[in-house]
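Sequences listed follow chains A and B, in order.
All residue numbers for the first sequence refer to my numbering, where the first residue is 1 and numbers rise by one.
All residue numbers for the second sequence refer to my numbering, where the first residue is 1 and numbers rise by one.
Bear in mind the hints are in silico, worked out from the structure with no lab data behind them.
Since the structure is predicted, the reported quantities are computational estimates derived from the model, not experimental observations.
There are no misleading hints in this set.
Facing chain B, according to a computed beta carbon distance under 7 Å, are these residues of chain A, among others:
id, residue
1, Ser19
2, Ile24
3, Thr73
4, Val74
5, Ala81
6, Cys113
7, Leu116
8, Gly117
9, Ile120
10, Val169
11, Pro170
12, Phe173
13, Gly177
Note that the Cβ used here is the ideal one computed from N, Cα and C, for glycine as well.
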Amino acid sequence: MELILIIIGAVFVNNIVLSKFLGICPFIGVSNKVDTAIGMTGAVTFVMVLATLVTYLIQVYILEKLGIEFMQTVSYILIIAALVQLVEIILKKVSPPLYQALGIFLPLITTNCAILGVAILAVQNEFNLVESVIYAFANAVGFGLALVTFSGIREQLELADIPEGMKGVPIAFVIAGILAMAFMGFSNLV
Amino acid sequence: MKQWKNFAKGFIKENPVFILFLGLCPTLGTTGSAINGISMGLATMAVLVMSNVVISVFGKFIPAKVRIPSYIVIIASFVTIVDLLMQAYLNTPGPHGEPSLYDSLGIFIPLIVVNCIVLGRAEAFASKNTVLTSLIDGVGMGLGFSFALFLLGSVRELLGAGSIFGMKFIEGNGILLFVMPPGAFLALGYLIAIMSKIKNQLVNS
Numbered sequence: 001m002e003l004i005l006i007i008i009g010a011v012f013v014n015n016i017v018l019s020k021f022l023g024i025c026p027f028i029g030v031s032n033k034v035d036t037a038i039g040m041t042g043a044v045t046f047v048m049v050l051a052t053l054v055t056y057l058i059q060v061y062i063l064e065k066l067g068i069e070f071m072q073t074v075s076y077i078l079i080i081a082a083l084v085q086l087v088e089i090i091l092k093k094v095s096p097p098l099y100q101a102l103g104i105f106l107p108l109i110t111t112n113c114a115i116l117g118v119a120i121l122a123v124q125n126e127f128n129l130v131e132s133v134i135y136a137f138a139n140a141v142g143f144g145l146a147l148v149t150f151s152g153i154r155e156q157l158e159l160a161d162i163p164e165g166m167k168g169v170p171i172a173f174v175i176a177g178i179l180a181m182a183f184m185g186f187s188n189l190v
Numbered sequence: 001m002k003q004w005k006n007f008a009k010g011f012i013k014e015n016p017v018f019i020l021f022l023g024l025c026p027t028l029g030t031t032g033s034a035i036n037g038i039s040m041g042l043a044t045m046a047v048l049v050m051s052n053v054v055i056s057v058f059g060k061f062i063p064a065k066v067r068i069p070s071y072i073v074i075i076a077s078f079v080t081i082v083d084l085l086m087q088a089y090l091n092t093p094g095p096h097g098e099p100s101l102y103d104s105l106g107i108f109i110p111l112i113v114v115n116c117i118v119l120g121r122a123e124a125f126a127s128k129n130t131v132l133t134s135l136i137d138g139v140g141m142g143l144g145f146s147f148a149l150f151l152l153g154s155v156r157e158l159l160g161a162g163s164i165f166g167m168k169f170i171e172g173n174g175i176l177l178f179v180m181p182p183g184a185f186l187a188l189g190y191l192i193a194i195m196s197k198i199k200n201q202l203v204n205s
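The following block holds chain A by itself, in its conformation from the complex:
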């Protein structure tokens, strides 16, 4: 029951993009086509779950054991950067088709604040290992839901007649605002 609440909370109520404002750069940057949005979601899901799992273990077995929690930011970002590199190398060798699909998105992910943000939030919420991983996965699903919906709307937008000054990024933000309003409808769900 607890786990279901975590999932619904992360996907709908406190959506990582539309209510917590994490991962805005890819949300605006790679949302022109539905296909790329799906690819990006795949890469983010993969790295987010893995990064949260590893940082949780580091937090419990190294940082807390040695009493050096202040090293959190430094160690987390290094782990995430190393992890992304590692995933890239392994994917290239083991599964070329998957690498083809996700490859171009992987370098972008290191500076995606959603990954570091979820890793830190999982520790701040004092989740255990299973809850942390579920939380990371649910947030990735929430990210995907927002990104794919948004890219679908933006594809339609190419046919619309938009005032000159609002073309491109400004109209994207206005749409994101309306989408965020729609997601506010979920706010009393949990």
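Once you have looked at the hints, place chain B on chain A.
Below, chain B alone, put in the same frame as chain A:
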């Protein structure tokens, strides 16, 4: 004159938020009020200035292959310093039980480390320029970022609560939506449109 141009470019012409679209997460996430916005901007500026200076000093000694991880470690160290300082000195709750500045900025303080502006200036500017030029660039870009956050925070606070820095200008409750997440997106969208128009007029004249 050249240094002045270097300093002033961050405000309008190369404003990190309105023109380059960098650092959007803290821009949206911390601008519920003007004071939160400008504090976040200044915290980012502190990290940006320090990392720019250090990277411009050590840039020549860092091998090209490991430069990005090295920059990230340098930036993360300064973020940790700023985080601990804010936790120590800006952590007193308000008189009516409002959350402290440190609490209301919350997760966005450690996330300065993944702010594209900081790494972007390190890679594109500080590693190739002298200490003084990098310092001025850091201050200019940092102030430009703070200016953007202050502007967005003021607009949202004015429309949402009828006040700026907690001083009431408009009676009544205001449009609550603008203090909430959707208002951040809407206000930033329109501000970007206005600012790029101003920038185009500046470039043309």
